[in-house]
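**Student:** Quick mapping for you: the protein sequence lines, in order, are chains A and B. Going by our numbering, the first residue of the first sequence is number 1, and it counts up by one from there. Going by our numbering, the first residue of the second sequence is number 632, and it counts up by one from there.
Calculated from the structure, these hints are not laboratory results. As the structure is a prediction and not an experimental result, all values here were calculated from the model. Glycine included, each C-beta is placed from N, C-alpha and C at the ideal position. Some clues are possibly wrong.
As the list claims (entries may be wrong) - To be clear about the criterion: a stretch of chain B counts as covered by chain A if any three or more of its residues have a C-beta under 8 Å from a C-beta of chain A, and this derived list gives those stretches: (1) 799-812; (2) 828-836.
Unchecked claim - Computed cross-link-like contacts, DSSO-like style, restricted to lysine-lysine with a CA-CA straight-line distance of at most 27 Å: (3) B:K1064 <-> B:K979; (4) B:K655 <-> B:K980; (5) A:K28 <-> B:K980; (6) B:K715 <-> B:K980; (7) A:K28 <-> B:K979; (8) B:K655 <-> B:K715.
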Amino acid sequence: MVHFVWLVPLLPLLGFLITGIWRNRLSKTAIALTGCGTVLGSFVASCILFFQALSPGFRSTPVHLFDFISAGPLRIPFDFQVDQLTLVFLLIITGVGFLIHLYSASYMWSDAGYGRYFSYLNLFVFSMLLLVLGANYVILFMGWEGVGLCSYLLIGFWYDRDDFNKAAKKAFIMNRIGDLGFLIGLFLMISRFSSVSFGEVFSRAPSLGPHSGVMVAITLLLLVGAVGKSAQIPLYTWLPDAMAGPTPVSALIHAATMVTAGIYMIARSHVLYSLAPATLTVVAVIGLATAILAASIALKQNDIKKILAYSTVSQLGYMFLGLGVGVFGASVFHVMTHAFFKALLFLGAGSVIHALGGEQDIRKMGGLRRKLPVTYWTFLVACLAISGIPPFSGFFSKDAILGAAYQEQPLLYFIGLAGALMTAFYMFRLFFLTFHGEFRGSEESAQHLHESPPAMTIPLILLAVLSLIGGWVGIPAFLGGRDLLGNFLAPVFSNGPAASLPAAAGNTDLILMVVAAVLSIAVIFWTRGLYRRYRQGGTPGRGLVRLLEHKWYVDELYDFLFTRPLGRLSDWLESRVESPVIDGAVNGMGRMVQWGSRQVRLVQSGQVGLYIFGMVAGAIILFLIGFFLIK
Amino acid sequence: MNEIVFTAVFGVFLLFSGLFIRSKNAIRFIAITGMGLAFLVNGWEYFHPGNDWPGGMIHADHVSILFNAIALGCTLVYFLLSGKDFEQLGEHLAEYFALVYFILCGVGIASSFTSLLMLFLAIEIISIPQYILAGSQKSNLKSNEASLKYFLMGAFSTGFLLMGIALLYGSTGTFHIGEMNLGGSGIDPLVLTGILFLIVGLTFKVGGAPFHFWTPDVYDGAPSVVTSFMATVVKAAGFIAFLRLFSIAFSADNITAHWTLVIALIAAATLLVGNFTAVFQVSVKRMLAYSSISQAGFMILALVGLGTLAWDGILLYAAAYSLATIGAFAVLIRMEDYTYEGYRGLGKKQPLVALANTVFLLSLTGIPATAGFMAKYFVLSSALQRGGMLWLVILALCCAAVSAYYYFRLIWAMYFQEGEPAILPDRITPAFKGLLIFTALLVVAIGVYPGLVLNWLP
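Only chain B is shown next, with the shape it has when bound in the complex:
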């Protein structure tokens, strides 16, 4: 609750401060400080639970607050690593930061809604600033195209979402996800249709197949610094909302029987599409876009599992995947050439940067002793707990092996290929290097000791 209010108010404050403050450094400083404050304000609520309002449509429990903390923490790291790159977007620096704050407000709602109306609101609050951010480089045609495509298809999928909510309301007479009482025997066709519509709408938002088509084009077209945020914190928030909705409202046995296979098939399709297409990319940015689809496929596995392991898994995944991707993008933004060739010889030229980048890529692959391994371990074991899903887990493992191909190719380019890396050396400051190493250490720390995240769960 605190997080929602704070980010909304601070976003507005930042918007107006842009009118009066000319100094870019000052604005960046305000934005970073605000994110730190938001983290603290949100943390405060963990120890001092507040009231629910309005009318019980939002309830922030410990899981919500923990996820908010992960989202805010990752955004803080993101601001620190890439905050300076916002200046490449255009003149209105304060507004870009403000939009990120608005997105985080939506993230806060997505992690704590109890009403389908709030879910819809959360998704829209998250989406609309993204449409703007994707098109923030006004003079860049690709950026404009990305924004428009995202908006068109996003609007289309919102239709599915709304239709699903309407059908569920029509069938149960309530928006409250805790009071739908779908348990019992059999399933109302109206409810099933509603659930399937919701699945379609939410799968679109998290970029799962076959509703993923927007992802590569938008992630590739949008300015890299924006993609970095869209592909991580925002995507994870979508999953939290997804999992929250399904584990509270649709977890009765007679209901899960009807949607588990659908979700499992979506997971399988997402894993296959994401991995297969990532293999053949020449541009690292596009590879990361496709890999974000395949990572989404893993997160969908948590939905197959439900249960406490699934929550462990999705939270770990949110932290692991966001940190690693933000780090990998922070390096990418500093490259002049986004292709694999551009990374050649980075290991010699910038050993620390290359080392941190290697840690991020290892974590994305899921190599033990990195956070990515633990995250994959938890989501896979949660899926295994649901009987009959062995095939899916095996498929996921094979896909993880395929993913090693395109992640390791980058490591190979950095260390084993001779060449002059196309990196912008004046943007590699000691502070940046330090932060990058810190982020990499965080990734390793969570991988060695996942309790760092999980011990906060009740």
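With the rest of the complex left out, here is chain A:
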């Protein structure tokens, strides 16, 4: 079966081609069936692969498809590799991806670009599958670029809205900055190891010796790529804007694909990162800073999707923290649980927005509990999961990361805990404002309130179940669990430094867990008291609140620091360098070619005699050169 692994990405690719080429011919039903069916097929194939990997004799070997590039000593085969890490991602991408497709089939039904939407969606899944399946960095990079492109296409899906186009461009440009780092890292890797295959690079990497500056450089450059893709400081500002796209797209970007790519890449390269402890520290610091900054911004936002977007940035920060302190398995665990509850949150938000006819401001919601019961209950599950309340999934994965951070440096833990408490606060602020209290919208929209159709609620229910039980595969030993996921991933991370926590840590961890859970619950009740009976109004905040409402003015800061100086510089270059010098040279060259073209054309007069004269003259010149010029 492993040899048929190419089926997994092929199906969504076919789906992309079919729904893309015949987007105007096929009926909406046919498009939805193709779009969802291909992803479901991939999911089934991934499941078969997964059960094979559970058998004891499983060993991951690259599957050679064909030679892609061979230039001099460098050979880049087009290989796929299926190991435990890939399998976890395969299941997340195709499983959660399928549910999002299913949800979209109903959510987007009335949109004119139905076929286009599904073709992009399938291409997105295809790119992400390529990314996690590739057995070398080049294939990974192809998928990497693919998701970048798809995110651009989908964020700007409603391209007649100019601000949406701007958001799409922002996402693309931020990603490009990261990609440049990735590319340079890739070239450095080629020059040092003359290979990009995971196996060869990892086995050659130790030869650089400990404390190698090159290794730090490579890992830092790859990190730049990951920071761009996974929306970390300083390249995170694109993700909150990325909600310009249709809501299921946000779910896809935030949960199943795209932003997890950076985590995957670092987890995949854990051998390299373990050789560069300095970079790991940077990863941890960036992760923690992002986690806390994004959480603080989310406290005071009023757009339902924006809050969720900042919460993604913050949760990704936790994953980076996990990577930085060396518990790669725990980060992957958090990727998984986060995929469940974040997809659920976005789809739930979509259901709310759908019911309110496009309203996204939580101050104009309220009291939706009775009108949208399924959405309400599933949303509650997701909020509990993300806030880390036992026994919901987020509790186990987040505490695995925070526990490891405590081992590394207690300060990391306390900052992380503060972020987690903020998470509980802003999630339940969102929850109470949306579902409790009185409805604060207009009379007209109150009339239209309705629960979403089954195609949208079924994914919600399934994801709610996963958000509840998804964490149980990683219950650590000191809680009586067997840490199934950790053991499953162990072969991949076995050569890492801190593959699993020391057993003695059990007691400390237990205390930390209880503290975190109790504090989170306390925060939730406090939030309930604050926002359950919220009424519209209130003045714009001052001081810190104002700072938070304006997202720490980071967008403005970037605007001031980079965009405007760059704009001025490019204005200057445009008027002083571009038009007179470069344009002049280029146009001059063009004019010269055109002039030369006109002259040469005259020779082509149609006279055979002249032609033969030209040929003889040419032959004589060649003979002169052949005999006298070359000695």
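With chain A's structure known, arrange chain B on it following the hints.
**Tutor:** Coordinates of chain B only, in the frame set by chain A:
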């Protein structure tokens, strides 16, 4: 060997079947089937090498057979795409097809000769049917003029070729290209003169500057469906013969030192002339004629390089350039108006045709992920391997950039200019569209995975 016998016999068979079969569709069907059979017969020899005959003057190795396969495959695509357009030429449909078969017989010899006599024979077998085909539209004055011009100048250049062969024979005492033993030190002036004469003769046949003057007039004057074949498969065959001769007979170090610069200068002149003149054309057909000169300039780069990379390059180039040009011509033939204006709005009216045409033009420019890119990459790197040729490679790259101007102008006309395309809609059948897309996919497939062609090389 199989290919030579089969195409010759089948050509005669087709010639006679024209006497008895009136139905045009039947004749076209026979011609297409025969080409498929020729492809198979030739492929058979790849796995079951036959004997050399007569007297060791022809030896088909794997490279020859691979090139034959490319030539036959491209001709098959050409027949499928443009076979119906042969009916525009005149009444004698079977004869036009038969002439193509005779040309392919010559192509088979050109790819596998071991004797200079066979080289001469191959070139003549290829040329004479072309003179006829170029003039096949008897009532069309331009077609007649093209035929006559081609014949006059072709005869002139054949003189050079023969003179070169005679001088080499006089100096070495053999026609066999493998037994000339020119290695050692120094060079006999007689040999050098012979080589230079051969260069002149062969450069004429492949349309390189300064012996290219016939190309635009003949390609423009000849019926488009004929030009499509002349500019592709035939031209590529000329290069195979050129490269085969020089890499076997004249590749000793003391000899290459004397002709490499001459060939390099020819390449440079060809690139410059082809590109510069193509820029200012109004007619797409004439633009394609000039662009075929500039593409020839790239193929000459393989001669500068010699070596295995050069063979990779020339074979890829043969496939990439032939497929793309045949495709572009198949679209051109369906236009009422051959100017750039005629293509306006094609992207809206015939999206699939315009898309395929875009792929062909991108491949001709050498944009990555198309076959043309890989072909250019290989010939350029083969030229780079020969020291001191950096200037030529840089010049070639600049010329490739210039070529984007006139190729992209067509894409621009198709997609970004409003207008009613002057296309004949009743000749765009679903089968034609399907084939065109298939050809475009082939171009992309070779570009992404050049092993499709190159893995067959030993």
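**Student:** None of the hints should be skipped; say for each whether it holds.
**Tutor:** Going down the list of hints, with the structure as the test:
Counting residues of the segment 799-812 of chain B whose C-beta sits closer than 8 Å to any C-beta of chain A gives 0, which falls short of three, so the coverage hint is violated. Taking a C-beta to C-beta cut-off of 8 Å, the segment 828-836 of chain B contributes 3 residues in contact with chain A, enough for the three needed, and the coverage statement holds. Between K1064 (chain B) and K979 (chain B) the CA atoms are separated by roughly 15 Å; this keeps the pair inside 27 Å, and the hint holds. At roughly 30 Å between alpha-carbon atoms, K655 (chain B) and K980 (chain B) are farther apart than 27 Å, so this suggested pair is violated.
Distance check on the hinted pair: K28 (chain A) and K980 (chain B) sit about 25 Å apart at the alpha-carbon level, within 27 Å; holds. This hinted pair checks out: K715 (chain B) and K980 (chain B) have alpha carbons roughly 22 Å apart, not beyond 27 Å. For the proposed pair K28 (chain A) and K979 (chain B), the alpha carbon gap of about 24 Å is at most 27 Å, so the pair holds. Restraint check for K655 (chain B) and K715 (chain B): the C-alpha separation of about 9 Å stays at or below 27 Å, so the hint holds.
When the structure is compared with the earlier hints, violations turn up for hints 1, 4 and for no others.
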